[in-house]
Amino acid sequence: MTASASLAQALAYVDGCLGPDQKPEFMRRLAADPSLAARVEQWQAQNEAIRRTFDGKRIGAARGEFEVESPAPVRVAPASPPRREFGRRRDSWGEDLRERGPMRTGAASERARRRPFAGRFFRRGAAILVATALGLALSAIPAPIDPSPQSAFVAFSAYRTFAGEPAEFSTAEAAALERWLRPRLGGWVAVPNLRGAGFTLIGGRVIPGAHGPAAFVLYRDGAGTRIGLALESGEAPPKTFTRASGALLAAALAAPSSEQATLVAETGAADLDRVARLARFDPASRR
Amino acid sequence: MSAMGWTAEWREEARALEPFALAVAPDARLACDRAAAALLAETLISRAVLALHNGEGPRGLSRRLRLLCLFVRFHRRHARLRSLGEDGGESGGLRDGSLLERVVAAMPLEWREALLLVTLERLPHVEAAAVLEIPLTTLIERLARARAALAHALAAPIAAAPPRRVGAPHLRLIK
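Chains as they are written, first to last, in the numbering used here: chain A, 2 to 288; chain B, -17 to 157.
One thing to keep in mind: the hints can contain errors.
Not everything, but these chain A residues come out facing chain B in the computed CB check (under 8 Å) [as the list claims (entries may be wrong)]:
id, residue
1, ALA9
2, ASP16
3, VAL41
4, TRP44
If you are wondering where the hints come from, they were derived from the structure by calculation, not from laboratory data. Quantities reported herein were computed from a predicted structural model and do not represent experimental measurements. We put the beta carbon where it would ideally sit given N, CA and C, even for glycine.
Could you build the full structure based on these sequences and the hints that come with them?
The structure is reproduced here in structure tokens:
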């Protein structure tokens, strides 16, 4: 057996893809050759270490880079009492007890001196319990879900991925693009006309949206500036917003029905507010 | 299949690719930290899933292998473009992670791909070669080199950081 064939066999054994017909012969070699056995053991340990280190890792939500100007859900945190307030009450309570001090003597007086501290402990504990319970109760109330950040993220991701490349379906005809997109998006879609803002259609592509397949449409103006539009079906049109994040700018487009439409461009490349105002949805293209 | 189920399938496919993508994306030569690697992995995964859905990728492979192949293609392209734009600058190396993570990140991309496909994705050698679009003998050679480099680096003292690389003589665009 050549050296390369032997190496291939050993690697295949370690990686669990050695054929059953080759296994008995390899096991004999393994038993006869201590250096091969040591090497195989080392490789098996490498496999274990790699799997232990990398297996099951998740990307997680690394999506906090974009914020919209829509109001954030209000969450009330349990407020802890100000320290000075607490101290003042403790002092006044102490004075109160000192006023009653002469009524007690000996051990009773000692207990009375200690009571303010015990009382303070219990009052503080009770306050923490009440505040925690209040906080838990308030956090259990479902906050209103604002879909705008999600749709803006979809638009940003799509722009980063596709803006520098040809669109998947290249056409200047919105109706043709709609015909191509509709079966892929489950029926809904309306590609807006941005000619009023000087932008002509280049084409579009299907992208994964926040709630299902979405459309990403690219436009270009006479100067070569590209802007993207993410269209996704949603329960309600997004709130109006314009926001820069890094080198990109996003703006919500007022779609006439249940589509969420988010325009995206490089910062400074286009006046997205103006484009959003001049966008027109063709009534004939409604479903 | 409904539109929503279709998307759920996409998401499941993307999720299955995450460990491999997170392992292969950090590159010491590109001064990639964990957060940047996660962002790159996420972008390339979504791109690979979309390309798969749009019918790209080699025919004759299973859906999972085609997705892996597309991810590898996009990652190679990214690495090549980054290396062109690097201008031979000084690399800071992978700043965080365990010794094993740093050693893997310092490997040439071809070795790293081969090693991780076989160990982490548990692909048979024939399938790994198909995903990487290379002959089986080339895969065996890369695996042997990767394992030797790994053994050498892990046997060295912990303090020894992976060697800094300038430029990318080992990075070639295969396809």
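Hints, one by one, checked against the model:
1. ALA9: Because about 5 Å separates ALA9 of chain A from the closest Cβ in chain B, which is inside the 8 Å limit, the hint holds.
2. ASP16: Since chain B brings a Cβ to about 5 Å from ASP16 of chain A, closer than 8 Å, the hint holds.
3. VAL41: violated, 11 Å
4. TRP44: holds, 6 Å
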